[in-house]
Each structure stands twice: as structure tokens, then as C-alpha cells.
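Numbering (my numbering), first residue to last: 1 to 68.
Hints should not be assumed to be uniformly reliable.
Subject to a maximum C-alpha distance of 20 angstroms in a straight line, what follows is the list of computed DMTMM-like cross-link-like pairs (lysine to aspartate or glutamate) [said to hold, decoys possible]: (1) 64 to 30; (2) 43 to 13; (3) 38 to 8; (4) 16 to 39; (5) 26 to 48; (6) 11 to 39; (7) 3 to 49; (8) 38 to 56; (9) 11 to 48; (10) 59 to 41; (11) 64 to 48; (12) 17 to 30.
The hints are simulated quantities; they were obtained by calculation from the structure and are not laboratory data.
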Amino acid sequence: MPKTDVTENQKNEIRKKVQREFPDCKALQDLHYHRYIKEIEWKDMSADEIVRDIKEGAKSFKGKVKVT
Numbered sequence: 001m002p003k004t005d006v007t008e009n010q011k012n013e014i015r016k017k018v019q020r021e022f023p024d025c026k027a028l029q030d031l032h033y034h035r036y037i038k039e040i041e042w043k044d045m046s047a048d049e050i051v052r053d054i055k056e057g058a059k060s061f062k063g064k065v066k067v068t
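Use the sequences and the hints to build the structure in full.
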């Protein structure tokens, strides 16, 4: 199954939710925001598809980050 698209309305609701949950910590807000987004995207995917998506994301991230 393909990823489920996350609407702008859902993103706004998630942003409000994490701001209420972690009012003084932007780092935790960002972390949980992305976690909630992934939960929605992955809801109809199989375990193998989720693992593949994680690996693709890791490859993309490695290409953007310079390790010293």
C-alpha cells in the first residue's frame, strides 16, 4: 500500500497537539510532530513497506549530512 497523505489540516492539528503536550520544548515538539505524521503515513502499510520507507529516508538523510 502507498503512504497515506497527511492533509494540511491534520498537520495543523498535530502541531497544536504537540505544543500542548510539550509547551516549553521545541525539540520534543518537533520529534513528536514527525512521529505522529509517520503514524498517519504508515497506517495502511505493511511492516516490509515501513522498513523500506525508513531505509529510503536514512539514505536520503545520509546524503544531506556531512559526518566529521
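Each hint, compared with the structure:
For the suggested pair residue 64 and residue 30, the alpha carbons sit about 19 angstroms apart, so the restraint of at most 20 angstroms is met. With a C-alpha separation of about 18 angstroms, the suggested pair residue 43 and residue 13 falls inside the 20 angstroms cut-off, and the hint holds. With a CA separation close to 14 angstroms, the supplied pair residue 38 and residue 8 stays within the 20 angstroms bound. With a C-alpha separation of about 17 angstroms, the suggested pairing of residue 16 with residue 39 holds against the 20 angstroms cut-off.
Proximity of residue 26 to residue 48 is assessed by CA-CA distance (about 32 angstroms); at most 20 angstroms being required, the pair is judged violated. At roughly 12 angstroms between alpha-carbon atoms, residue 11 and residue 39 fall within 20 angstroms of each other, so this suggested pair holds. The hinted pair formed by residue 3 and residue 49 meets the criterion: a straight-line CA distance of about 9 angstroms does not exceed 20 angstroms. Only pairs whose Cα atoms come within 20 angstroms are accepted, and residue 38 paired with residue 56 is accepted, the gap being roughly 14 angstroms.
Taking the CA atoms of residue 11 and residue 48, the gap is about 25 angstroms. The hint is violated against a cut of 20 angstroms. Taking the CA atoms of residue 59 and residue 41, the gap is about 19 angstroms. The hint holds against a cut of 20 angstroms. At roughly 25 angstroms between alpha-carbon atoms, residue 64 and residue 48 are farther apart than 20 angstroms, so this suggested pair is violated. For the hint linking residue 17 to residue 30, the alpha-carbon distance of about 11 angstroms falls within 20 angstroms, and the restraint holds.
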